[in-house]
Amino acid sequence: MSLTKEKMIDLYATMKKIRLFEEKVSELFAEGKLPGFVHLYAGEEAIGVGVCAHLTDRDYITSTHRGHGHCIAKGVEINSMMAEVYGKATGACKGKGGSMHIADVDKGMLGANGIVGAGGPLACGSGLMAKTLGTDQVTVCFFGDGAAEQGTMHEAMNLACCWNLPVVFVCENNGYAESTPWGYHCAAKSIADRAAAYDMPGITVDGTDFFAVYEAAEEAIGRARRGDGPSLMECRGFRYYGHFEGDAMLYVTEEEKKRNRARDPIENAKKRAIERGLVSAAQLAEVDAQAAAIIEEAVKFAEESSWPKPEELLTDVYVSYP
Amino acid sequence: MATRTITFRDAVNEAMRLEMRRDPTVILFGEDVAGGATLPHMEGENKEAWGGVLGVTKGLASEFGRNRVLDTPISESAFIGAAVGAASTGLRPVAELMFVDFMGVCFDQIFNQGAKLRYMFGGKAQVPMVVRTMIGAGFRAAAQHSECLYSIFAHIPGIKSVVPSTPYDAKGLLSSAIRDNDPVMFFEHKLLYDVEGEVPEDNYTIPLGVADVKREGKDATIVTLGRMVHLALEAADTLANDGVDVEVIDLRSISPMDGDAILASVKKTHRLVVVDEDYPRCSVATDVIALVADQAFDYLDAPCKMITAPHTPVPFSPALEDVYIPSADTIVSTVKSQVE
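Heads up: the sequence lines are chains A and B, in that order. Read in our numbering, the first sequence has 295 at position 295, and its numbers run on one by one without any break. Read in our numbering, the second sequence has 297 at position 297, and its numbers run on one by one without any break.
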């Protein structure tokens, strides 16, 4: 494994920023400060961060409606994210996209997406770009267990394999498609097993185990980067919050919630990183404080930012107007 | 610029060929666009194989190789979505949706992804892709291979839509579409592929959103597009023999649409007939009439008329399909009823 001390601190900090970002968004939403609706990533941090650890700004990801974690893991600027969630002019998308469409193409983040399963075909496209131009860029397609049942994902996995594209499919199986348990919505016993249908490697990983995700992603992304084709990773985990904020999660038992709390991916990573001697508790405490300050600053930035001007309504529909 | 007579099919092919020569980021993919071309056993006259289901992309795979001319699985969602992804990351893909009727299996990728990325991302992305697709009745292909449907695309902000009528326009408009930085739907009527016309050998472009006056006249305006342009011109010849001087405006693009050209013509002739092969409801035809009703009502000497397909699926039987498609005779009688 390629984890250095510096990298471990950096990745831990990223997970922590995601957690605190989501906790803050939940709080702001409950206070009625945020328009629309939000889907929070807390609980799944080890997946986004463990995977994106192997990507650079030149690599691409496609994301989902639960995209805040992917954005932060891919390096999208947090102030611009918070401002976007508020709908402010300084947002990553000038307030035109909101929580479900945060994007930063320059950072290789091809957008959170409001349509379940839409990212697969897009990922084939950026993969095709890299193959056509002969670059070593890799695209990671994040999708949920719900999206695993969309035809688009099957089409995309097949196409990526037919064309041998540098795409890694990462299924974040958090156990529920909205409120429907995956044991009900998925006819297979394992989503990773579906890789066999497209003749690519498939692996099931504990998505709460940062190190397991990190290692599996290193392998899959390395394979794609070498031109050896796509892989499918199924990362099993959970989300702490509902499908969207306001969802009381009545479909999850109290026992299950308690079990999940005991498997917290960030606490787990912290404990093991310390045990391995990669970092010290004091160093991580410092990181925690920095992360909290970054999120507070983002809220301040967003609240002090201006609303988009009315004339912004009509711009950015086309590149060139007649 | 040297010109010669070629078919609409060859004009479309030539636009792609020349754009692929001038820009290595232009790639082409779709079902059977190579269609077996360059496979080792394809020899002699069969070497180019299908080159598209109606031969429009023939010869491109052998010139540009199978890395730039890619057959796809029958997975329209995957490859139309891949066009969006490729376009937003640096290529200029031309994707072929064999028949527009197949939009039903991939529309999300067009209207929710391709059309909206730029706006949703606050202008920080662009999607320079073209989707070429076949439209139109008259091929005895029945309800799922014969529609026009372009009006649906004109309804969606963020996409441009082009409906050429002649080989000259097809080549120049397709070159523009490929160079354009927005997603463009390019609608090719299958009964136009064998139509011939004068086309320059070199590369040229025709701006999107600019209509073309195919025939000047003073008594009535026919606004039309695609294959219907030819029927309108035929009707105009008949009407001329009866002393009625008709102006025929070919929209060429329906999004953006050249409202100025429509209004200028109607203000001159004071009568409007729209001829459109698409379904009649919420369509290009109703859109043109709404524009004129809104902005040139006082200039009208007769009610606006629209001649369209009926509000029915496209029938199979030749006896029914021939009645389904608007005819030159109907155009003649409609214009006459307006000027009398």
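Treat each hint with caution, since some may be false.
Quick list of in silico lysine-lysine cross-link-like pairs, BS3-like style, CA-CA up to 27 Å [claimed, not checked]: (1) 336/B <-> 267/B; (2) 124/B <-> 131/A; (3) 88/A <-> 107/A; (4) 124/B <-> 47/B; (5) 107/A <-> 24/A; (6) 33/A <-> 300/A; (7) 107/A <-> 124/B; (8) 131/A <-> 189/A; (9) 268/B <-> 88/A; (10) 218/B <-> 124/B; (11) 305/B <-> 267/B; (12) 268/B <-> 309/A; (13) 271/A <-> 7/A; (14) 257/A <-> 271/A; (15) 124/B <-> 300/A.
So these bits of chain B aren't anywhere near chain A, every CB distance computed over 12 Å [unchecked claim]: (16) 139; (17) 194; (18) 195.
In case anyone wonders, no lab produced these hints; they're calculated from the structure. C-beta: ideal position from N, C-alpha, C; glycine also.
Taking the hints in turn, this is what the structure says about them:
Note on residue 336/B and residue 267/B: the hinted pairing holds, with a Cα-Cα distance of about 19 Å set against a maximum of 27 Å. The straight-line distance between the Cα atoms of residue 124/B and residue 131/A is roughly 24 Å, inside the 27 Å bound, and the hint therefore holds. The suggested pairing of residue 88/A with residue 107/A holds, with an alpha-carbon distance near 20 Å, which does not exceed 27 Å. Between residue 124/B and residue 47/B, the direct Cα distance comes to roughly 43 Å. Violation of the 27 Å bound is thereby established for this hinted pair.
Our distance criterion of 27 Å between C-alpha atoms is met by residue 107/A and residue 24/A, whose separation comes to about 24 Å. Annotation: proposed proximity of residue 33/A to residue 300/A holds, straight-line Cα distance about 13 Å (limit 27 Å). At most 27 Å may separate the alpha-carbon atoms for a hinted pair to count; residue 107/A and residue 124/B meet this at roughly 11 Å. The straight-line distance between the Cα atoms of residue 131/A and residue 189/A is roughly 33 Å, outside the 27 Å bound, and the hint therefore fails.
For a cut-off of 27 Å, the pair hint linking residue 268/B to residue 88/A is broken: about 48 Å separates their Cα positions. Under the criterion of a C-alpha separation no larger than 27 Å, the hint pairing residue 218/B with residue 124/B is inconsistent with the structure, at around 47 Å. The straight-line distance between the Cα atoms of residue 305/B and residue 267/B is roughly 16 Å, inside the 27 Å bound, and the hint therefore holds. Distance check on the hinted pair: residue 268/B and residue 309/A sit about 40 Å apart at the alpha-carbon level, beyond 27 Å; violated.
Only pairs whose Cα atoms come within 27 Å are accepted, and residue 271/A paired with residue 7/A is accepted, the gap being roughly 16 Å. A C-alpha spacing of about 21 Å is found between residue 257/A and residue 271/A, which places the hinted pair at or below 27 Å, so the restraint holds. Between the alpha carbons of residue 124/B and residue 300/A the distance comes to roughly 24 Å, so the proposed pair stays at or under 27 Å and holds. With a least CB separation of 27 Å from chain A, residue 139/B remains clear of the 12 Å interface cut-off, as annotated.
Taking the minimum C-beta to C-beta distance to chain A, about 32 Å, the non-interface status of residue 194/B holds against the 12 Å cut. Against the 12 Å criterion, residue 195/B stays outside the reach of chain A, whose nearest CB is about 27 Å from its own CB.
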